[in-house]
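Trainee: Chains as they are written, first to last, in the numbering used here: chain A, 99 to 250; chain B, 2 to 105; chain C, 4 to 252.
For the record, the hints were derived by calculation from the structure and aren't laboratory data.
Possibly wrong hints are sitting among the right ones.
Covered by chain C, according to a simulated footprint, are these stretches of chain B (three or more residues, beta-carbon under 8 Å) [as the list claims (entries may be wrong)]:
no.: 1; segment: 43–49
no.: 2; segment: 67–80
no.: 3; segment: 89–96
The list that follows gives simulated cross-link-like pairs (lysine-lysine, BS3-like), each with its CA atoms no further than 30 Å apart [claimed, not checked]:
no.: 4; chain 1: A; residue 1: Lys227; chain 2: B; residue 2: Lys5
no.: 5; chain 1: B; residue 1: Lys98; chain 2: A; residue 2: Lys231
no.: 6; chain 1: A; residue 1: Lys128; chain 2: C; residue 2: Lys101
no.: 7; chain 1: A; residue 1: Lys227; chain 2: A; residue 2: Lys244
no.: 8; chain 1: C; residue 1: Lys51; chain 2: C; residue 2: Lys12
no.: 9; chain 1: C; residue 1: Lys101; chain 2: A; residue 2: Lys190
no.: 10; chain 1: C; residue 1: Lys25; chain 2: C; residue 2: Lys8
no.: 11; chain 1: B; residue 1: Lys5; chain 2: A; residue 2: Lys231
no.: 12; chain 1: B; residue 1: Lys46; chain 2: A; residue 2: Lys170
no.: 13; chain 1: C; residue 1: Lys12; chain 2: B; residue 2: Lys98
no.: 14; chain 1: B; residue 1: Lys98; chain 2: A; residue 2: Lys133
no.: 15; chain 1: B; residue 1: Lys98; chain 2: A; residue 2: Lys190
no.: 16; chain 1: A; residue 1: Lys128; chain 2: C; residue 2: Lys149
no.: 17; chain 1: A; residue 1: Lys234; chain 2: C; residue 2: Lys126
no.: 18; chain 1: C; residue 1: Lys132; chain 2: A; residue 2: Lys121
no.: 19; chain 1: C; residue 1: Lys25; chain 2: C; residue 2: Lys132
no.: 20; chain 1: C; residue 1: Lys223; chain 2: C; residue 2: Lys160
FRET-style restraints, in silico, Cβ to Cβ [stated by the list, open to error]:
no.: 21; chain 1: C; residue 1: Phe252; chain 2: A; residue 2: Glu247; range: 47 to 55 Å
no.: 22; chain 1: A; residue 1: Pro189; chain 2: C; residue 2: His166; range: 51 to 59 Å
no.: 23; chain 1: A; residue 1: Glu247; chain 2: C; residue 2: Pro205; range: 55 to 63 Å
no.: 24; chain 1: C; residue 1: Pro226; chain 2: A; residue 2: Lys190; range: 33 to 41 Å
no.: 25; chain 1: C; residue 1: Asp127; chain 2: A; residue 2: Arg167; range: 49 to 57 Å
no.: 26; chain 1: A; residue 1: Pro100; chain 2: B; residue 2: Ser8; range: 25 to 33 Å
no.: 27; chain 1: A; residue 1: Lys231; chain 2: B; residue 2: Gln11; range: 28 to 36 Å
no.: 28; chain 1: C; residue 1: Pro244; chain 2: A; residue 2: Val136; range: 43 to 51 Å
no.: 29; chain 1: B; residue 1: Thr70; chain 2: C; residue 2: Lys196; range: 13 to 21 Å
no.: 30; chain 1: A; residue 1: Met197; chain 2: C; residue 2: Ala249; range: 47 to 55 Å
no.: 31; chain 1: A; residue 1: Thr220; chain 2: C; residue 2: Lys240; range: 35 to 43 Å
no.: 32; chain 1: C; residue 1: Lys196; chain 2: A; residue 2: Lys234; range: 53 to 61 Å
The beta-carbon is built from N, C-alpha and C at its ideal position, and this holds for glycine as well.
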Amino acid sequence: MPVGGMWGSDLVDIRPEFFQVMKSPFSEEKVVCVKALVPDYAILHVQEADIYGNARILGPSYQDVLMARAAKKVILTTERIVGTYRMQEEPKLTAVPHMLVEAVVELPGGAKPGICYPEYLTVDWDDHKAYQKAVKAGEVPQFAAKMLEGRL
Amino acid sequence: MREKVMSLSQATDLIQDGMLLAIGGNAMHRNPTLFSLALTQKPVKELKVCGAAPGIAADILFSTFQADTAYFGFFGLENEAGLAPGMRKAMEGDEPKARAVEGS
Amino acid sequence: MEYGKDYGKPEMMATAIIREIKEGDVVFHGLASPTPMVAMKAAKALGKDFTYVTLSDGLDHDWSRPPYFASTLSENTYIGSVATFGLDEIFDLFASGKGDIAFLSCLQMDKTGRIAMSVLGGKDYDHPKLRGPGGAGSATLTPVTKRTVIWKTAHDKRTFVEHVQFATTSPAIDKPFTVITPLCIFRKPAGEKYLKLDCIFPYTTVEEVKENTGWEIEEKDVPVMAPPTEEELAAIKKVDPNNILAFEF
């Protein structure tokens with residue numbers, strides 16, 4: 099698909115399997131094209147989802163809405179399961195509709211040691227340092243086992 | 002509408018070798034971190050990840066060398082949280098185990 | 004206002020950023036951008052009328068809520084917004100020529116404004132010594148933004164080098180391009196290829212700038228930018244009681 103920008107970037111030349119420069123079919127203009135990615139799954143952590151996979155994102159959505167539509171299917175982890183009435187109250191606040199979703203996992207704290215507005219607003223620095231240490235030591239699976247106790 | 006609630010373990014079983022995963026959130030914000038940590042408990046490999054800024058949930062999969070390609074605009078954890086240590090471990094030096102495809 | 008007593012390098016850089024913004028501008032900064040964030044909040048506090056878009060979807064958020072950490076992705080740049088406007092919409096807005104300033108940064112830069120954000124050192128792109136965080140939108144935005152402004156809180160020969168090996172992005176020839184450092188401002192005018200020393204800050208000299216820049220600076224006599232005014236300093240203090248501005252220095 100054609101995109102704006104990218105001129106003057108060495109990235110375009112180094113990844114021909116991802117970037118190609120083409121002549122516009124409508125004029126003599128040259129256009130940078132990128133390969134469209136079709137993810138097998140979009141993995142999203144949200145604040146609210148119902149049992150069918152209708153999901154609301156509170157605060158910044160980043161690119162989650164786009165990714166949900168680009169992917170073949172969505173897997174949701176959610177701070178809490180809510181009633182479908184919550185979606186019906188204001189349908190346009192539903193960021194991901196159920197038919198795009200394959201799985202809903204109720205997982206409070208699912209973005210830790212990171213942040214999930216408005217549930218937890220700062221990084222858990224102790225756990226983050228433990229993660230950085232685990233990466234160096236090659237012990238992330240052990241770190242994971244500790245973080246996941248009772249949650250699998 | 003069909004009910005789709007399942008356990009974290011059941012949900013991670015959906016992920017197969019070689020799949021491309023779009024990772025939600027940004028850097029340290031609303032990343033599906035526990036889902037990625039759960040994937041480290043499984044033998045799944047050769048994953049590809051994408052996102053404007055895939056963040057810590059993607060970093061985890063590079064730290065264990067379960068992911069081999071990242072499509073991204075920004076891959077870091079931002080300011081106080083630092084660069085992405087797992088991604089760097091997998092991508093730097095003479096024998097990198099993973100590849101970057103930067104899109105923006 | 005006196006350097007070292009009333010203000011330091013962070014406040015001077017923030018002031019230079021504030022002065023770049025014109026009434027009516029549409030202005031963007033990305034993630035990991037505490038310095039422009041504080042400056043833009045202060046510009047709002049000074050009553051400057053411009054549109055402020057960020058990665059947290061917020062458009063013209065409530066600037067009076069103090070940031071409490073350096074992340075520029077949090078609810079701090081979202082709460083009190085008059086609209087949401089996501090990154091994908093921001094890219095489209097700028098690509099269609101409606102974006103005035105993007106405040107971006109770099110790991111390294113050379114005299115033509117070629118910017119390294121992807122990799123440093125090592126054998127090649129796929130075998131780097133340092134795998135950087137990537138352009139974070141700068142490759143997309145730099146060619147299409149009316150006035151790209153790079154801010155960099157370090158001014159040394161490791162950062163400002165003779166030649167950038169791998170350019171994540173580089174300036175458009177037909178557009179102006181500005182670089183704000185703790186010591187000075189470089190500008191590449193529209194239609195030109197090289198950065199020129201535009202002005203220096205009150206506490207430095209052209210000599211000091213030369214000693215800390217890896218490319219040859221030909222300008223000898225350049226203006227000195229006026230120090231921050233009392234009002235500018237008061238605005239910076241007002242929006243940033245937790246001194247997040249100091250984070251990058």
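Trainee: Hint by hint, say whether it matches the structure.
Mentor: Evaluated hints:
Only when three residues or more bring their CB closer than 8 Å to a CB of chain C does the claim for the segment 43–49 of chain B stand; here the count is 0, and the claim is violated. For the segment 67–80 of chain B, the stated coverage by chain C is satisfied: 7 residues place a CB nearer than 8 Å to a CB of that chain, which reaches the threshold of 3. Given a C-beta distance limit of less than 8 Å, the hint that chain C covers the segment 89–96 of chain B holds, as 5 residues qualify and 3 suffice. With a C-alpha separation of about 35 Å, the suggested pairing of Lys227/A with Lys5/B is violated against the 30 Å cut-off.
A C-alpha spacing of about 20 Å is found between Lys98/B and Lys231/A, which places the hinted pair at or below 30 Å, so the restraint holds. Our distance criterion of 30 Å between C-alpha atoms is met by Lys128/A and Lys101/C, whose separation comes to about 21 Å. The straight-line distance between the Cα atoms of Lys227/A and Lys244/A is roughly 14 Å, inside the 30 Å bound, and the hint therefore holds. The straight-line distance between the Cα atoms of Lys51/C and Lys12/C is roughly 22 Å, inside the 30 Å bound, and the hint therefore holds.
Restraint check for Lys101/C and Lys190/A: satisfied, since their Cα atoms lie roughly 27 Å apart, inside the 30 Å limit. For the hint pairing Lys25/C with Lys8/C, the CA-to-CA distance comes to about 29 Å; that is within 30 Å, so the pair holds. Simply put, Lys5/B and Lys231/A have alpha-carbon atoms about 36 Å apart, too far for the 30 Å limit, and the pair is violated. For a cut-off of 30 Å, the pair hint linking Lys46/B to Lys170/A stands: about 19 Å separates their Cα positions.
Restraint check: the Cα-Cα separation between Lys12/C and Lys98/B comes to about 41 Å, which exceeds 30 Å; the hinted pair is violated. About 23 Å separates the Cα atoms of Lys98/B and Lys133/A, which keeps this hinted pair within 30 Å; it holds. With a C-alpha separation of about 43 Å, the suggested pair Lys98/B and Lys190/A falls outside the 30 Å cut-off, and the hint is violated. Distance restraint check for Lys128/A and Lys149/C: the Cα-Cα separation of roughly 20 Å lies within the 30 Å cut-off, and the hinted pair is therefore satisfied.
Taking the CA atoms of Lys234/A and Lys126/C, the gap is about 23 Å. The hint holds against a cut of 30 Å. In summary, the hint linking Lys132/C to Lys121/A is not supported, as the alpha carbons are separated by about 36 Å, beyond the 30 Å threshold. For the proposed pair Lys25/C and Lys132/C, the alpha carbon gap of about 40 Å is over 30 Å, so the pair is violated. Simply put, Lys223/C and Lys160/C have alpha-carbon atoms about 19 Å apart, close enough for the 30 Å limit, and the pair holds.
The hinted window of 47 to 55 Å between Phe252/C and Glu247/A is violated, with their beta carbons roughly 41 Å apart. Roughly 55 Å separates the CB atoms of Pro189/A and His166/C, a value that falls within the hinted 51 to 59 Å. Checked against the hint of 55 to 63 Å, the C-beta distance between Glu247/A and Pro205/C comes to roughly 57 Å, which is consistent with it. Take Pro226/C and Lys190/A: their Cβ atoms lie about 52 Å apart, and the range 33 to 41 Å is violated.
The hinted window of 49 to 57 Å between Asp127/C and Arg167/A is violated, with their beta carbons roughly 36 Å apart. At roughly 43 Å, the beta-carbon separation of Pro100/A and Ser8/B lies outside the given 25 to 33 Å, and the hint is violated. For the pair Lys231/A and Gln11/B, the beta carbons lie near 30 Å from each other, so the given range of 28 to 36 Å is met. The hinted range of 43 to 51 Å is satisfied by Pro244/C and Val136/A, whose Cβ atoms lie roughly 47 Å apart.
Remark: the range hint 13 to 21 Å for Thr70/B to Lys196/C is contradicted by a beta-carbon distance near 36 Å. Distance hint check for Met197/A and Ala249/C: the Cβ-Cβ separation is about 49 Å, which falls inside the suggested range of 47 to 55 Å. The beta-carbon spacing between Thr220/A and Lys240/C, approximately 23 Å, falls outside the hinted interval of 35 to 43 Å. A hinted range of 53 to 61 Å is violated for the C-beta pair Lys196/C and Lys234/A, which are about 44 Å apart.
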